[in-house]
Structures are given as C-alpha cells and as structure tokens.
Amino acid sequence: MTNGFSRRGALAASAAGVATLSGPEAAQAAGHDTSEFETAFRTFVQTLATGDLDAFYATIHDSAVIFDEDIPFRLTKAGFKDHIDFHIGGLWEGFSWQDRDPNFRVYGNTAMVASFATFRGKPVDAGYRQRHMAFTQGWHKFDEGWRLVSWHQSPFDGHILEASPG
Amino acid sequence: MDAQTLERDFSSALAVFTGDGSYDDFFAFFEDDALLVNEDIPFILDKDAYKDHMGFLAENMSMLEWIVREPRYQVYGDTGIVSAELTVRGKPNNAGFRQRHSVMTAVCHWNGSAWRGANLHTSTLLAHIYHMSPG
Numbered sequence: 010m011t012n013g014f015s016r017r018g019a020l021a022a023s024a025a026g027v028a029t030l031s032g033p034e035a036a037q038a039a040g041h042d043t044s045e046f047e048t049a050f051r052t053f054v055q056t057l058a059t060g061d062l063d064a065f066y067a068t069i070h071d072s073a074v075i076f077d078e079d080i081p082f083r084l085t086k087a088g089f090k091d092h093i094d095f096h097i098g099g100l101w102e103g104f105s106w107q108d109r110d111p112n113f114r115v116y117g118n119t120a121m122v123a124s125f126a127t128f129r130g131k132p133v134d135a136g137y138r139q140r141h142m143a144f145t146q147g148w149h150k151f152d153e154g155w156r157l158v159s160w161h162q163s164p165f166d167g168h169i170l171e172a173s174p175g
Numbered sequence: 002m003d004a005q006t007l008e009r010d011f012s013s014a015l016a017v018f019t020g021d022g023s024y025d026d027f028f029a030f031f032e033d034d035a036l037l038v039n040e041d042i043p044f045i046l047d048k049d050a051y052k053d054h055m056g057f058l059a060e061n062m063s064m065l066e067w068i069v070r071e072p073r074y075q076v077y078g079d080t081g082i083v084s085a086e087l088t089v090r091g092k093p094n095n096a097g098f099r100q101r102h103s104v105m106t107a108v109c110h111w112n113g114s115a116w117r118g119a120n121l122h123t124s125t126l127l128a129h130i131y132h133m134s135p136g
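Note that the protein sequences, when read in sequence, are chains V and B.
When we follow my numbering, the leftmost residue of the first sequence carries the number 10, and every step to the right adds one.
When we follow my numbering, the leftmost residue of the second sequence carries the number 2, and every step to the right adds one.
Watch out, some of these pointers could steer you wrong.
Claimed, not checked - Stretches of chain B that chain V covers, calculated by requiring three or more beta carbons in the stretch to come under 8 Å of a beta carbon on chain V:
| hint | region |
| --- | --- |
| 1 | 39-45 |
| 2 | 90-99 |
| 3 | 105-114 |
| 4 | 117-126 |
Hint data in this document are derived by calculation from the structure and do not stem from the laboratory.
Note that CB positions come from ideal geometry on N, CA and C, so glycine has one too.
Based on the provided sequences and hints, a complete structural model is requested.
Below, the structure is given as structure tokens:
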C-alpha cells in the first residue's frame with residue numbers, strides 16, 4: 010500500500026460509483042433522453058423471455074458482434090444463433106436470462122446499456138445452473154428503429170479469479 | 002465518420018498502453034458519463050472509478066502494456082463498435098510478471114468532429130471458459 014491507496018479502497022470507490030449512477034435518472038440529468046431506447050431494450054428482453062426468437066433475432070443486426078458468456082471467441086450473429094440452437098436443442102428443462110439494474114446512455118443515434126444479468130435454469134440430467142455476469146450492449150437507431158449492434162457478456166468469476174498477481 | 006476514423010481515434014486513445022500516448026488522452030476519449038467494465042473488477046464502473054483503478058495499476062506495475070489483437074472496427078451511422086482480443090501485460094512490483102488474456106468491446110459515437118467512447122468492456126478469457134458447462 011502506498012499513498013493511502015488500496016485495492017479495497019478502489020473497489021469501494023467502484024461500488025460507490027455504481028451506487029450514484031442509477032440508470033435513467035442519471036442519464037436524464039446528463040441531458041440524454043433514454044426512454045425510447047429503454048423501451049426498445051425491454052421489448053428485446055421480453056422477446057427472449059417469451060421465446061419469440063424470430064423477433065429476438067430480428068432486433069440483432071446481421072453484422073452485430075457478440076461475446077457470449079460461454080464462448081471465448083468473437084461471434085457473428087450466425088455463430089450466436091448456432092450457439093443458442095445448441096442450448097435449445099434439448100439440453101435444458103428450462104432457462105431464463107434476467108437483467109438486473111440496467112444503466113442506459115443515449116448519444117444521438119447511439120445507445121448503450123450496461124448491467125448485470127443472471128442466466129439460470131436446469132440442464133437435463135444435472136441439478137441447476139446460475140451464471141452471474143456483467144453485460145454491455147451497443148445499439149444504433151436505424152430508420153426502422155433501435156437495433157442491437159454489439160453484446161458483450163462476461164461472468165463475474167473471470168473478473169475475480171486471478172485479478173491479483175500475488 | 003467511417004471505420005478508418007474510428008480506428009484512428011480509438012488507437013490514439015489507447016496509445017498510452019500501446020505506444021507513447023498519455024493517460025489524459027485515454028480518459029479524454031471517454032464521455033464523462035461513460036460506463037466501463039474492467040477485467041479485474043466485477044462491478045460496472047463510472048469514469049472516475051475506472052480512472053481510480055487505472056491509477057492503482059500504474060502505481061503498482063511497470064511495463065504495463067495492452068496488446069490489441071485482431072481489432073475490428075464497425076460503423077453504423079454515428080455509432081462505432083470496436084471489438085478485439087486483448088492481452089494486458091506487465092510486471093507487478095515485487096512479483097514476476099503478469100498477463101491477462103481478454104476480449105474487448107467499445108461502444109463509441111461520433112460527436113460531429115471525433116469519435117467518443119461511451120463504454121469499454123474488457124473480460125478475461127477464463128471468464129468465458131470456467132464453468133461454461135454445468136457437469
């Protein structure tokens with residue numbers, strides 16, 4: 010520890026930073042109206058929750074870039090769909106993706122959301138599974154409306170394990 | 002506003018880790034209300050908290066570098082998306098050396114004269130590998 014600086018202090022500052030953000034209120038205070046984008050995001054989440062995959066995929070731009078929490082490679086939309094197809098091909102008795110405390114930002118026709126999520130469910134022939142993670146998404150407002158152009162999901166364990174060298 | 006200008010502005014911002022840039026230029030690239038996810042911290046950070054973490058690393062490491070691999074720059078109107086593989090490496094004080102192999106995305110927007118960062122998300126590959134199968 011030098012100059013009163015400690016990792017615990019850094020983490021406390023980080024947590025405090027999150028606590029003061031609080032999503033739409035902070036974004037509105039900064040002069041960015043996020044309400045239309047929030048609606049687009051929540052509609053997108055609902056398509057996944059209800060299994061409306063046609064609408065879910067239609068919101069994702071064909072050239073979107075995706076880092077999925079289960080795969081250490083950059084995915085195209087086609088690669089992401091292939092991965093989802095693997096999951097829904099009889100591997101699960103049921104699952105859900107739950108976003109928690111999303112924070113929204115809008116700059117002109119660009120929007121992003123940063124949040125936490127839990128992917129949970131029961132695999133066939135196994136107990137149950139929870140994957141807690143951070144995620145960020147980039148969106149662009151096209152003539153037809155908001156569409157997702159990037160999605161990055163990363164489980165917390167990778168942000169904790171081996172975060173310190175000794 | 003095109004992929005070339007996005008690459009130019011993003012690369013210039015990261016020059017503090019890849020060349021001879023400055024932390025001031027790196028932080029200036031990001032909007033004051035940007036939201037950031039760092040590979041070492043399991044929380045969403047605002048810009049001040051992210052700067053605080055970078056200050057902690059700068060104090061406790063030498064030879065800190067970012068090796069950006071296979072970067073991809075995609076532009077949709079005023080929206081720019083950067084994705085890449087990333088190795089964060091250096092020598093912690095009083096320890097051997099350290100490499101954190103990661104992936105990275107950045108959401109950027111064109112403000113009329115330059116690209117600005119709304120987000121930077123880095124996550125280690127082990128995050129995407131550990132526990133990805135339930136049994």
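Taking the hints in turn, this is what the structure says about them:
As drawn, the region 39-45 of chain B meets chain V at 7 residues by the rule of a beta-carbon pair under 8 Å; at three or more, the given contact holds. A count of 5 residues in the region 90-99 of chain B with a Cβ less than 8 Å from any Cβ of chain V is obtained; the coverage claim is therefore met, three being the minimum. Only residues whose C-beta sits within less than 8 Å of a C-beta in chain V count toward coverage, and the region 105-114 of chain B has 6 of them, enough to reach three; the restraint holds. Note: the region 117-126 of chain B has 7 residues with beta-carbon separation from chain V under 8 Å; the three-residue rule is met and the coverage holds.
Consistency note: the structure conflicts with none of the earlier hints.
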